[in-house]
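Colleague: So the chains spell out like this:
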Amino acid sequence: MIYLNNAATSYPKPDLVLEVTGRCISGVPGQQNRGGVASAQYDMESCRRRFAEFFGVSGKGGMVFTPGATQSLNTLIFGMIKPGMKVVTTVTEHNSVLRPLYRLQDEGLIGLEIIGCDSGGHIDIDALYQAVKEGASTAVINHVSNVTGAVQNIAGIKDICFESGVELIIDASQSCGHVPLDELSDGTCAFAFTGHKGLFGLQGSGGLFLPGGKDCRPFIYGGTGSRSDLRGQPDQLPAKLEAGTGNLPGAVSVATGMDWISSEGQEKIFSNGQSLRELLLQELSRVKNLRIYGSETGKNFSDLVSFNINGFTADDLAFVLENSFGIITRAGLHCAPLIHKALETGPDGAVRVSFSAFNTESNVLELAEALRNVASSEALK
Amino acid sequence: MKVLGYRKLEDCFDGSMIYELSYSMPITGICIKALEASGELEYYSSFTKPFYRLVIGDDIQLKGVEESSTARLILFRGCIDAFIEQLNVLFE
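Chains as they are written, first to last, in my numbering: chain S, 1 to 381; chain B, 1 to 92.
Careful, some of the hints might be misleading.
[Stated by the list, open to error] Below, computed lysine-lysine pairings styled on DSS-like, alpha-carbon distance capped at 30 Å:
| no. | chain 1 | residue 1 | chain 2 | residue 2 |
| --- | --- | --- | --- | --- |
| 1 | B | Lys8 | S | Lys288 |
| 2 | S | Lys82 | S | Lys13 |
| 3 | S | Lys158 | S | Lys268 |
| 4 | B | Lys33 | S | Lys288 |
| 5 | S | Lys60 | S | Lys299 |
| 6 | B | Lys49 | S | Lys13 |
| 7 | S | Lys86 | S | Lys381 |
| 8 | S | Lys268 | S | Lys341 |
| 9 | S | Lys60 | S | Lys288 |
| 10 | B | Lys33 | S | Lys13 |
| 11 | B | Lys8 | S | Lys381 |
| 12 | B | Lys2 | S | Lys341 |
| 13 | B | Lys49 | S | Lys288 |
| 14 | S | Lys86 | S | Lys133 |
| 15 | S | Lys214 | S | Lys86 |
| 16 | S | Lys299 | S | Lys381 |
| 17 | B | Lys63 | S | Lys381 |
| 18 | S | Lys268 | S | Lys240 |
| 19 | B | Lys8 | B | Lys63 |
| 20 | S | Lys158 | B | Lys63 |
| 21 | S | Lys299 | S | Lys240 |
| 22 | S | Lys381 | B | Lys2 |
| 23 | B | Lys2 | B | Lys63 |
| 24 | B | Lys49 | S | Lys341 |
| 25 | B | Lys33 | S | Lys381 |
| 26 | S | Lys240 | S | Lys86 |
[Unchecked claim] Short, incomplete list of chain B residues facing chain S, as computed with Cβ under 7 Å:
| no. | residue |
| --- | --- |
| 27 | Lys8 |
| 28 | Tyr43 |
| 29 | Phe47 |
| 30 | Thr48 |
| 31 | Val65 |
[Stated by the list, open to error] So, partial list: chain S residues that the calculated Cβ filter (under 10 Å) puts toward chain B:
| no. | residue |
| --- | --- |
| 32 | Gln236 |
| 33 | Gln282 |
| 34 | Asp315 |
| 35 | Val320 |
| 36 | Asn323 |
| 37 | Ser324 |
| 38 | Gly326 |
| 39 | Ala370 |
| 40 | Val374 |
What the hints contain is simulated information worked out from the structure, not anything from laboratory work.
Just so you know, these numbers come straight off a predicted model, no measurement behind them.
We treat Cβ as the ideally placed atom computed from N, Cα and C, and that holds for glycine.
If we strip away everything but chain B, and leave its shape as in the complex, we get:
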C-alpha cells in the first residue's frame, strides 16, 4: 500500500493547509497501526467504520477511517511530499 497522490482541499486562515490523500487501496487496521511509529495515534474501534487520528507534534494531523482509500491531512508546517514519503515507508 502507498499514497498515490493528494489534492488541496483548503488553505486555512491560520496558515495551515488541508489535503485529501489518495491511497492505492483501502487502508487496513495493520497499516493504521503502522502509523504509530511516526507520532501519537488514536484509534476508535467502536465506530461503524473505525476512525484513526495521527498527530505529529504541532506540525501534522492525519485522520481517516478504516477501509477508506482517502484520508485528510492537515499540515500546519512542513512539506507534504516529505510526509508522503514518510508514510510510504511506514506502509511498506
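Chain S extracted, bound-state conformation:
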C-alpha cells in the first residue's frame, strides 16, 4: 500500500513518535495543575516550550493547546472578532474558517468579504489590499491551500494588513512540516495548527499562538486547575483558553514529531516534498485526459497536487487507485468548497495526492503508472 493522503492525516508516524507517545500513555500522568506526579517524565509545559521553540515564537505570546486546528480557528475567530467588524477571508479557506465566519455573518454580527485566487490557488493580493482599504479590521487567511498546495505570500499579506492595523489570523494546518514557517516566527500574527498532519502527532492534538498583547475571549469555559475560586476563566494565558484536562499524549506526540522533524532537518524534508511534487507534475504532464489544478512548479507550492481524469468521477478515481492499485489518495471537495468552485473542478471535486517525508520517488512513479493505465483504459461494456 502506498499512502498519499498526508494532507488529511500523516502516515506512517516516525518510530520515535510511536515510542515516546507509547511511553507517555503507559507512564504516570504529568502535572496539569491537577495533582499529577511532579516527577512524571512527560508534562504539558515542556511540550509547550517545544511547540514555541519549533515555531520560533518563544516569549512572543501565548502558545495554547487545543484538540486541533478546527478548535484553534474557532477560538481565534469567535474570540478575536468583535461585533461590527468587517472581516476579509479567501476562497482558498477550509470550512473550519468559512463556517465560523458564515455563522457570525448570518447572525448579523460581522461584514464578510471573500477574495478570490488565481488558477494555482494564490490569493488576489490586490483584492486583499482593496478590502483592507475599505475597512476590514481582521483577515483570516490560510498559509497553504489544502487543494492546490499554493503557499500564500504571508510577508506581503502581513505588510498590507499591519500597515492598516488589521489583525491577521493564519491557518497553518497545511504548512507545518511542509514549508518554512519563518514568516510566522516574528510572533506578530495569530495562527492555528494541527498536530496530526505534517507534525506527525496524534489526531485530536494541535494548538494556537496568540501574539503578546492581543485579546481573545475564551471559546470553552471550565476548570483550569488554577484560580478555581474565580467565577470566570483566569485572564492569563494559557489557562484563559485551555479549559479542561489537556491531551498530554497528543501534545507529547506533536512535540516529538517536531523533534523528529528538527533532527531530520526541515530543509531536507521540504526539499524532498518539492522534488516529489515536481516529479509528479512531470509525470502527469504525460498522462492524457488529466487536468491538474495548480500545475506550476516552484517553492510557492507545497507538496500536494490535485487533479481529475476525464471519464472518471473523483470518487471513482480514488476508489480505483485504492482498490485496483493500492494507492491511498483523497477525493472530494476537501472541506474547501469555494476553491473547488473557483477552479471549476466540478460537483464531485478532485483527487488529491499529498506527500510526507516517508514518500519516495518510486511511490510517485507507481502512482503515475497507475494514472496512465486509468487514463488510457477503455471499459468493456
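Since chain S is already given, all that's left is putting chain B on it; use the hints.
Modeller: What follows is chain B alone, placed relative to chain S:
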C-alpha cells in the same frame, strides 16, 4: 456466491447512502459479468485488479474490484434489502 451483509459507510448530503457490501467469497469475473443483466456494467480489465461499476438508472451504483470480498454501493433511491436480493439472484 451471495451477499452476506452490509455496513453503512456514509450518509451523504445529497440524500444518498453509501454502503459496503460483504460477499461470501471474492467476486469472480463470471459473477461480475452476471451483473450486466440488471444495469449498465463497465469493466476495466487492464487494471492491476480489474474494476467494475454497475449503474442502474439514477438509483444505484455498485463498484468494486475483481477478487475482492467487498464492494461499495451508492444508493440514491430505493431499498438496500431489495437490491441485495436482486444481486443474490444474479449471482446464483
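Colleague: With reference to the structure, classify each hint as holding or not holding.
Modeller: Going through the hints against the structure:
{"no.": "1", "hint": "B/Lys8 / S/Lys288", "result": "35 Å, violated"}
{"no.": "2", "hint": "S/Lys82 / S/Lys13", "result": "39 Å, violated"}
{"no.": "3", "hint": "S/Lys158 / S/Lys268", "result": "27 Å, holds"}
{"no.": "4", "hint": "B/Lys33 / S/Lys288", "result": "29 Å, holds"}
{"no.": "5", "hint": "S/Lys60 / S/Lys299", "result": "28 Å, holds"}
{"no.": "6", "hint": "B/Lys49 / S/Lys13", "result": "29 Å, holds"}
{"no.": "7", "hint": "S/Lys86 / S/Lys381", "result": "56 Å, violated"}
{"no.": "8", "hint": "S/Lys268 / S/Lys341", "result": "34 Å, violated"}
{"no.": "9", "hint": "S/Lys60 / S/Lys288", "result": "51 Å, violated"}
{"no.": "10", "hint": "B/Lys33 / S/Lys13", "result": "42 Å, violated"}
{"no.": "11", "hint": "B/Lys8 / S/Lys381", "result": "29 Å, holds"}
{"no.": "12", "hint": "B/Lys2 / S/Lys341", "result": "42 Å, violated"}
{"no.": "13", "hint": "B/Lys49 / S/Lys288", "result": "21 Å, holds"}
{"no.": "14", "hint": "S/Lys86 / S/Lys133", "result": "11 Å, holds"}
{"no.": "15", "hint": "S/Lys214 / S/Lys86", "result": "18 Å, holds"}
{"no.": "16", "hint": "S/Lys299 / S/Lys381", "result": "45 Å, violated"}
{"no.": "17", "hint": "B/Lys63 / S/Lys381", "result": "14 Å, holds"}
{"no.": "18", "hint": "S/Lys268 / S/Lys240", "result": "37 Å, violated"}
{"no.": "19", "hint": "B/Lys8 / B/Lys63", "result": "15 Å, holds"}
{"no.": "20", "hint": "S/Lys158 / B/Lys63", "result": "48 Å, violated"}
{"no.": "21", "hint": "S/Lys299 / S/Lys240", "result": "38 Å, violated"}
{"no.": "22", "hint": "S/Lys381 / B/Lys2", "result": "23 Å, holds"}
{"no.": "23", "hint": "B/Lys2 / B/Lys63", "result": "16 Å, holds"}
{"no.": "24", "hint": "B/Lys49 / S/Lys341", "result": "33 Å, violated"}
{"no.": "25", "hint": "B/Lys33 / S/Lys381", "result": "10 Å, holds"}
{"no.": "26", "hint": "S/Lys240 / S/Lys86", "result": "25 Å, holds"}
{"no.": "27", "hint": "Lys8", "result": "17 Å, violated"}
{"no.": "28", "hint": "Tyr43", "result": "5 Å, holds"}
{"no.": "29", "hint": "Phe47", "result": "4 Å, holds"}
{"no.": "30", "hint": "Thr48", "result": "5 Å, holds"}
{"no.": "31", "hint": "Val65", "result": "4 Å, holds"}
{"no.": "32", "hint": "Gln236", "result": "42 Å, violated"}
{"no.": "33", "hint": "Gln282", "result": "23 Å, violated"}
{"no.": "34", "hint": "Asp315", "result": "9 Å, holds"}
{"no.": "35", "hint": "Val320", "result": "5 Å, holds"}
{"no.": "36", "hint": "Asn323", "result": "4 Å, holds"}
{"no.": "37", "hint": "Ser324", "result": "4 Å, holds"}
{"no.": "38", "hint": "Gly326", "result": "8 Å, holds"}
{"no.": "39", "hint": "Ala370", "result": "8 Å, holds"}
{"no.": "40", "hint": "Val374", "result": "7 Å, holds"}
The structure shown violates the earlier hints numbered 1, 2, 7, 8, 9, 10, 12, 16, 18, 20, 21, 24, 27, 32, 33.
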